[in-house]
Every structure is written in structure tokens, then in C-alpha cells.
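K.L.:
Chain by chain, the residues:
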Amino acid sequence: FSSHYFNLQCNMILQKLFKYSLKSIFGYFTMATLTRQDLNFGQVVADILCEFLEVAIHLILYVRDVYPSGIFQKRKKYNVPVQMSCHPDLNQYIQDTLHCVKPLIEKNEAEKVVVVIMDKEHRPVERFVFEISQPPLLSISSETLLSHVEQLLRAIILKISVCDAVLDNNPPGCTFTVLVHTREAATRNMEKVQVIKDFPWIVADEQEVHMEEAKLIPLKTMTSDILKMQLYVEEKTQKT
Amino acid sequence: MSRDGWRKKASEDDGWGGRGGYMAAKISKLEEQFQKDAPREKQKDGTSSCIFSGVAIYVNGYTDPSADELRRLMMLHGGQFHLYYTRSKTTHIIATNLPNSKIQELKGEKVVRPEWITDSIKAGCQLSYVQYQLYAKQKSLNFTSICARGKQDLSSTNDPFKPNPSHPQSDSIKNGSCSIIEEDAERPRVNGIHDGDDDDACALLPRGSQDTSLTNGYVHPVNGALKPQDSFAEHSPHVVDIGSHQSHLPQTESRDREEPSCSSAGSKSNFHQRSLISTASPAKQPGLHSMQKDLHPKPTSNPGTSAAPQKGNLHDQTRVRLNGSYHMTPNSSNLADSSHQPGRSGKGAEAGVISEFFSHSRLHHISTWRNEFSEYVNALQSRRRAAGGAVFSGKEKLKKLKANCSSGSLMAAPQVRQSCILHVDMDCFFVSVGIRHRPDLIGKPVAVTSNRGPGRVAQRPGSNPQLEFQYYQRKQKQYRKEVPSNGVDLDLAALSMAEIASCSYEARQAGVRNGMFFGRAKQLCPDLQSVPYDFQAYKEVALSMYETLASYTHNIEALSCDEALVDATNLLVELGVTPDDLARAIREDIKEKTGCSASVGMGSNILLARMATRKAKPNGQYFLRSEEVDDFIRDQPVSSLPGVGRSMSSKLTSLRVSTCGDLQQLSISRLQREFGPRTGQMLFRFCRGLYDRPVRSEKERKSVSAEMNYNIRFTQVEEAETFLTNLSMEVQKRLEGAGLRGRRITLKVMVRKPGAPVEPAKYGGHGICDNFARSVSLAQPTDSGQLIAAEAIKLFHAMKLDVKDMRGVGLQVQQLEGSHADPSGQGPSRGRSIKDLLLAKQPAHSPKKDPLAPQGWSSVIRTGVTPPSSPPSTSSDPMPGTSKGGLHHPHTLNHVRTCLNVSIEVPSPSQVDQSVLEALPVDIRKQVEQSWRHREEQPSTSSHLSTPPRTSSSPPPGPSLGTLVLQLPNQLGQPCTTGFILELPDFSQVDPDVFAALPRELQEELCSAYRNKGNTQAHVQAQSSAENVQCPSSSSTDVPETLSKFNPRPVPTLAGAYEFSDIRTLLREWVTTISEPMEEDILQVVKFCTELVEDKDLEKLYLVIKYMKRLMQQSSESVWSMAFDFILDNVQVVVQQTYGSTLKIT
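Taken in order, these protein sequences are the chains called A and B.
For the record, in the first sequence the residue sitting at position 200 is 200 according to full-length UniProt numbering, with numbers rising by one throughout.
For the record, in the second sequence the residue sitting at position 755 is 755 according to full-length UniProt numbering, with numbers rising by one throughout.
Keep in mind the hints are simulated off the structure, nothing from the lab.
Here the structure is a predicted model, which is why all the values come from computation and not from measurement.
Heads up, a few of these hints could be off.
Unchecked claim - Calculated pairs, EDC-like style, for lysine to aspartate or glutamate (alpha carbon to alpha carbon, straight line, at most 20 Å):
id : chain 1 : residue 1 : chain 2 : residue 2
1  : A       : K112      : B       : E1094
2  : A       : K228      : B       : D1095
3  : A       : K159      : A       : E131
4  : B       : K748      : B       : E707
5  : A       : K220      : B       : D1095
6  : A       : K228      : B       : E1094
Construct all of the structure, not just a fragment, from the sequences and the given hints.
P.N.:
Right, dumping it as C-alpha cells:
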């Protein structure tokens, strides 16, 4: 596998705090009635996954103290409390990023989605790796299946919210970035299909991908009919 | 265990006790047989004499020579041989060893070592038995022990009768009657005469005295004390030995109480009897008739009573005291009474009962025939192998027949080579054998059973049949809403509980079923005729059936005495006949040779053949074509599937599943959830007609066991121990017989369920029981009875049971290996491994596979032959033909005489020697060429298809790219286990080790095949039907494109466990029970962890590692810490390679 690494740089500087309505993001999926005919299963999975990743990224940013806790609000997702940023730019960035990730997931071309937390010198200190694999034959048969997936996702969310127990504290002034590990030659098409204008993918620096003396902490693995995903954290041994 | 009551009807008490009882009839019949056989035996042997005229022996327990041999000797030399001990008639007891309790009970008997007989024969005259006596000091031993025993009885026997304290007086009668029925059996003639009129008792005297005089003839001075008694007994019908009268005493005393006039001497016995009857008749007994029967043996003990005081020895005092206490516990007499009847297995505690039980349990006997026939088939095969070829008379005949009318009715051979299994089953075997010389019974409802009477018996006291029936009914209700129509019948209590071994189709129409109680059957079908067992004939017929089958092919698997599987695939190809023709020929042959009809079911696998047989019956044949399978199986009731017994089918019913079609609707995961992974998988496959076990002539034994749950009534712990010892001896005998040793001993105990009646409805049966089992593993495999006994007794004590409630005991020895130490080390002699642990946890119903040795799989992979099928022994069996390296070449394949389909990768054309190709048979060559062509047509577009080692088991039916399904002519004589199986084996049968050892591509492919099987059932069906249609083009077209991307991996398992909780249990057991881990186990764990990494299940890996860390570092043994470090190091390396960082273990 010759994986290419892409990276979205985020040079966010917090300036303003806005309220942000989440209605449009959360909960649109559950309303939809799924039938075999009018839904592309890959899309469904991508929707579910991106929705989840959005929640997860927000939560990670909160739990790992990347941004002050003041910009986060408590919400309910998957029937558990989660923290959601209220900063519009941050939210926009996350949304845009995931928007770009979605086509990859749809085609089962994303292998890993990594949330990298970096210190002031842009050296990664923690990497939250969502390793995704989809079964080739997708079939969504009933509602029970989806609720099952929801349970599994909830378990991961809960794991994230307590992961600080097993991780060392991050140094102050951290930022984050999202990396996507793609499978094979997915990049070729990516240039052509730019989902959002002027929001291109770039190849990640080697420095951001690799961490020296990292320790691996598995957090959660889920296996369902539509998706197999595991989340683990790679943590730098010496953070400061 | 519950079914076992079935076989043990030998001592069934039936309804016609009025004429002497079943036992009496049986004994006299046995005697007749003996008389009949004697001349024949004499003729055969030539040396005959009359040395032993007047001697009647009874063999107790193990002897050398064996009981059978002694029987023969007695035949030859004018003696008598009693299968059942009868005090009045048996003159000598032959035994080499008797346990204490037995010695205590056999008082006046002459217990003689078997050498007496052999030496007498050598000497040509009857020697004095004195020096052969087993216990020289029988006498003195007797008395002391008797007294001790009497006390024990009193103190220990109160409990069993507590439940009915309300009628203390009638109790003694009731209980008495219980035991006395047995006595009836021993003295049939006496009873027979007594029955009619009391006055007739006089007529007995001559006979009684005759017996006595015979007995007296051999009385030796040592037994002098018996003499007064013996002479006294001249007046009375029976000889009463001191031992028995001693234990009779309490009872007699109680009689005296009830009826003072009874304390008279035996000469008054007639009067005595009458008076007793008159007093007893108001008692709540079913009828006067049985009452009478019950009572009259009692007076026979009276003479003894009165004789005892005459002797006036010390023991009288003891006795008096005994009697005193007796009045407080009136029931104990019964115990004492019943316990002194050695002739009947009144108690499981008696030695020899076990071997006697097993040698007499007729159905047990029949069940062992299967092994015999298996051996017979094996012997045939090996003989043939040695001779280099055999004449199959039947086959030749069929060939000729075919040649004669090749133009006519028999069509040309179907060119498709399709595996065809024949399931040959005799039609209601016992019945048709039983009536083959009785044409008058043909067409009538007939049942084979031990009961020939009206099917009614008196209800025995202490039993509560209604309660038991209710219990079983309730049990059924758990699953079923409506109770089956043959549920409780209040009258049932009075019906005979002799079970029907087999009944004719006419009887079945009336609702009679095999295994039904005869009394009930008689109600359903009043015309029902009963036919006795005829074991000699069964054996003859069965043997000739097997001979007939063997005249066609030797690919036979013996299933039972009347059932066999025949793999006719190659036979059909060779002969070029249709399966129907073959079946017809076989059936005609069997009919001609045995006079009994057989049904034949045919199908492409064993399962289908068996199901077809159901349709074929009676006396027919049915060929289940592969294209009909779907429709056929959908309507089959689930209960027709093998392995679906009563409990499972009721469970299925609760899931609203009654037919296989219903079952097909359930997903595999559902089934596995309900029934466990293996059974679920099995059901899933079965209901689709999938079954991949080949016909195999040799079967590996999983366990050797002996169980007895008939007539187990212990009173003391010692008895149970003795019983266990004896049972162990029986197990030893069987182990030796099979040439095996085992390492795991399981003790199974049936204990009366609290609240269940003390006496079950079936006489001597076990009633409602709880089952308990415990097992222990030994360091070394053993076949020593002593060792087994020691362990069993330990287990027994650990269970802390009330011996009185024990109703059944079984000993099982598992983890067998050949008793001749196997140099190949195949047996688990290296110690206990994880797999053993797992095995012990789940009594595997599919054979456990030996992992292929590493060098084994590497070569297998190189040659492209999948070892998926796991016939376990591919690597371990020293089969010369299956050189693993040589399979890549079609030419070599031809030498490998496997009788199964072999699928191999076709090497590319450039690699094949043209001359070899030309040397191949035309059809095989064509296939090879075709597959090349095929390969060229479709360049490997996907990674899936280009994976180098192609397996036989890929989802596309028939040969897909690069694969060629070769079907080689069946080469007989090679055990099928060495073959390679085309069809995908049951997933549960795939050994995880083997699987893990495969290269990744192969694993993925196999897995996808399995997944595909589960997902797209249609494919599976197509596979089974298209398996033999050899058109490669039909296959690959309809394979979905997605398949190429489809590479799910197997769930990593540790010795079969994949749920974390299971793994945890396994690990815990591993670490806690073993002081020093074995290297292979550690490697196994490492492999499992590696698989987890590859499976991207780091979470589970993390949990497993953390759990192991906790376990192993806690362990006091430092080796465990080292083991953990080793495992962790290895895992970290893999994680590092995969993820670039190592696990954080805190």
C-alpha cells in the first residue's frame, strides 16, 4: 500500500464566540426512512460515520483541552452527553473537513482518519486514530441494525470522554489537525473533485505523521455489519 | 442417561406374575436353551462327559475362564449353568473375587474358584471342591459379619421409607411384598404350584427335598452347622441357609407379632400361610391375587426362625436385641430381606452385578455390534489390501446384468460423476427378523418386547407414576403449548412398562412407537402381537446384510446392526449403472439372503441419504436428486435431522420452527445464539442439506464409558464405593478391549430429584433424577481399573451425595489414546494444553483436529492444495500415498488413491510436462486444458483471483479460474480420511490453528467463501448441486464483482474461543491449573494476539494483554511472569510493525 497522507492545516485563532445551532447536523439522519431502492449504502455509511466523527472531534478537543472549555456546550448525542464547540469558525472548519472526508468514506477509500494534537512547535503529541474498514457487501436490513450501530458508536464516544484517565496532560497551546490516510490511488480523483472550493487536500508532513517513542493505547473497537472501526490513541512518551 | 432405562428391562416385573413371573419364565427358557445347545456343543467339541451331572453353577463376576467358557464346559460335561442365581437349584457359585458385601450375603453357598471346573475336567472326574473354595473360613466370617450387618441395616435403613409412615403396619406388608416378588422369580415352580391351592404345597415337598439332597451331597464338614438346618428343610419346600434366615429374623419376628399363631414351626406352614393371607387381605393392596403371591414365600423363612433357637448359639442374644430395636423401625426388615437375595441384582452394590448387567443387557449388547461390524468392514478392507484385490460378487453380478441388457432397461451410465451415498436400513429390523419364520404374523401389528402378557402389572408401593408422568409432561410443556396426545393416562400406572424395541409398520399405523411402553401400546392397538427377542437371529441377519453390502464395495460405514452407509460414487461410475439400479440390486440381494426387506435412501451426502431413507421406507428406495434437494428438505420436520433430539426439537418448536424450511429462515447468528456456535452452524447447514462428513469405515472413539442406572439402591457409602470399583473394572475391560487408555475420568451420577418418589414407576428404574458430573484429568493415560476406581471414589466423595438417593452411576474415560505408546506422539501425552482445556469444556461433537505441522502446511501451500477440510490426519497419519509435496502434479495425483474429489491448482501450461499430460485420462486432460483456456480468457483482474494458492472451497461452484476440480476414480481401500474434500467443511470444523497457519490470502479466501455461504444461500445451493456438473463456464459469470474486494478475515480465536469472556475463562484456567506453561501454548497465545492486531481489534488485544498481565504476574510461579514477558515482547513487535508504536501497558 502506498498511502498518501493529506492534511488540513488549521490555523485557528480564537477571536469570537458565537452560538451555533446544531440542528442541521445532528439528527437529520435518524429521520430518514431507509429503503434499499433510494439509498446508496455507501452514502449512508459515510453519513453515519461523518456525523460520528464530528461529534468525536468536538469531544476530543474538549477532553484533551485543546481549546478552553468555555467554548464548549453540553449536548446530547447517541443518548449520552457530549461537548460541542460553539465557535463558528472552528465548527466550520470541522464541518468542511468532514465534508471533504465524506466522498472518500463513501468509496471506502479512507483507511484512517486521524485527529492529531500538536504542541506549540507543531510536533504531534497525541494522535487519535479512527481506523475504518467497511465490508464490501453493504446491506442495511432494518432499524434494529442501525440502533445497534448507534450503541456501538455511543460506546466509543463514552470511551473518548474518559480517555483523559489514561493519557498524560497535554502541554499548553496545542492545536490540532485532521489527517486522512487513504487507500491506494484515491488521491488521483481527489484533485478533480474538490468538494469545497479553496479547501484542498495537501500531503502531510512526515513530521506530523510520525511520532517518536509513541505509546499506543487502544480505546475501543466496534464491529457491525456496515462498519468496522477502531479508535486508538498514540501518545508521545515525553510530551513536554 | 435418561434413555438408558430402555435397555435394562431384563428384570422387568410384568403383569403375569400370577403364573410364576417373568423371571421364572425367563429362567426356564434359559434352561431350555441350555439343554438345547448342549448336544450341539458336545457334537462340536467331541470330548464330552458327565463329570458334573447334578452340578449347577452360577458364575459371579469376572472369572478365568470366562462365564461363557464355563457355560460351554458345563454343557460338555453334563452340568448346568444358571444365568441367574437360584438358591434352591444352583449348587455352586463360581467366582474368583467377591467384595465384602457379597460375601456377607452368600452364606451357605459353596463359592468355588473356577479352577475347580477346569481341574475336574483335566482329572476326568469331579474333584472335591473343598480346596477350591474361595473362602476357606466362610463359616466364622459369616456369623460375626451378619450381626454387624444386621445392626447397620437397622441404623441405616430408616430413611427410605419415611415418606409413608402413616400405615406402619401395612407398610411392612407392602414393603415386604416388594422384595418378595423377587423371591418369586427365583422359585418359579414353587410359586406356580402354590398359586392355585395352598394344599398343593405338599406336592412341593418331594421336589424340595430333592433339591436339598442334591445340595447336601456336597455339603462339607466345614459347613457342618448347616446340617441341622438342611435336614430341617426337608420338611419345607426350601433350603434356607443360615445367612438368609438370620437376616430374615426381624421380619419373621414381626410376623409373629401380627399373628401370634404364626410362631409355630415350619410344619404348620400351610396353616400359617392361610392365616397370613387372611390377615393381610384387608390391606390396601391391588388385589388378593398379588397379595397371595407376595406373601407365601414368607413362611418359608419361618422354619429357619424356629431352627435358629435350636442351635442356641451366642448370636441369639444379639438377635433378640436386634429384634427389640426392630419393632421401633418395622420397615428395616424389608431391607434386610431384600438384601440377602443374591440371585437378583437387588442392589447395585453387589459385585458382578455390573458385568452381569452389561452381559445381560441385551440392547447394550446390540449396541456394541456396531463396533463389531465396523471392525468387520475394516477387516475386509485390510484383507483386501493385503490380497491386492477382492472379488466383489455382487458387483460382478451387477456388471453382468448390465452387460446382458445394456440395450435394454438399464440406461447408460450417467456421465456426471456425482457423489452418491447409499443409506441402507433394514425395515423394522427386530420385527422382520422376529417374524421371518412366522409368516402368520406378516401384515399384523407386531412388537418386539420382553413382555408377552396382557401388558398390565400391579403398581408397586412407594412409586408414584402419576407424579413422574406429570413431571415429564411439565418438562415438555416448557417448550410446547399442547401436550402430546400420549400424555398422562391415569390408568397407565397399571400398565406394563416394558418398552417396545421395535414394532412393525402396521403397529406404527395404530400409533405404536418404538420405545413406547408395552402396556400403553396394547391399549392403542389391542391386536398387538409381541415377539420375543432373538439375538442369535439378529446377529445372523445383520452379518449377512453386511456381507451382502461388502460384496459390492468395501466403502461401508457401519452405523448399527441394521444400518449402514455405502459410498457408491465410484462403484456407480465403474459399473455405469444408475443409483436406483444399484439400490434395487442390493435390496433384492438382501431380501434373498436374509428374508428381510431393506430400504435404501440415496443422496449426494450422508445427510441427504438418510433423509431419503425416511421417504423410502418401508421396503423401498428413494434417490434424492440434487436438484430436488431444496424442495425436499423444506418439508422435512426438523426432528429428522441428525442431532436434533427431543430437547432440541422442543426448543426449536418454541422458536416456531417445525420444518427445515422454517429453520432455513433463521439466520446463522440467531441459531448460534440459541444453540451455541457449533450446533448453530450445524443446524444452519443441515437444514440446507449440507453435510460434508465422508463415509468412513473407521471411527475414532472419543470415550469409553460404563453406565448403570438400573437398580441402583445403595444404603451405605461402602456399597457405592464397591460399586464404583466394579464399574471401573468394567471400564477397564472395555478400555482393554478397545486397546485404549484415557486421561480424563468423568463420574456421572443420577440422584433422585428432591421430592420425587422414592420408588420410580418403572421397577428398578431411576425415576426423576438430577444429573451430576465431575471429572478429573490424570497425569498419565491409564486403563487400570484400580486407578480409575480410586479417582472415581475421590470424585464421588467430593460430590457429597446421599448414597441412598443415588439412582445411576456412570464412569466415562475420555482423551483416549492407544495403549501402545504411540511413537508419533500424537496423543496429548506431553501434558495438558490449552486445547485440552477447551476440549474438556466443550465435549466436542465434531472431531478435534490436529493442527497441521508447520512443515506440513508450508508444503501444502506450495502445492496449492488447501487443507481446509481438516481431515485431521493429513499430516499425522503415516499414509504413504499422500505425499504432501507431490500433489501439484496431476500425474502424481493419480497415484494418490483418494476416493474423494480433489481440487488442485492447475499449474500454468509451461510448467506441465506434455508427456505427462498426454498420459492422463482423456477427461482429466480436457479439464486441465479447459482451465488453462479459461485462465487466459480472464486475465487476473482482481487480486482475489490471482491469489496463488487456489482452494477447493471457493464460493463459485465448480472450477473457477485456475482451479480444476478433478474427480478421480474411486480407489478403494484407501481410508477416506486422507482425501481432500471438495466441499467446504463445516466452519466449526475448521481448526483455528490450521486456519491461522495459512497464508493471509488463503485465509481471506476461505473466509469469504464461508461468508458467502452464509450470505448468499443460493450460492451454496448452487454449489451443492453444481458440484458435479463439470462445466467450468457456468460458474464464474454470476459471481458478484464485489467479491474481489471482499476480504473479511476470520475472527481470531484462541483455541476456538473468540468472545472475550470465553478467552478470559480459558486463560484463567490455563494459568491457574497449570504450574508450568508449555511453549506451544504460549506460542498459541502469541499467535492469537498477532491475529488480533491484524484483525484491527486492538481493544480486545489490550484487554487480553492486561488480563494476562494481571493473572500471570500474580501467579506465584516465576515462569508465568516470564511467559507474560515473552508474550508481550512478541506482541509489541507486531504492534510496532503494524502501527509504528508500541502498546502502553501500565
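K.L.:
Provide an ascending list of the numbers of those earlier hints which the structure does not satisfy.
P.N.:
none
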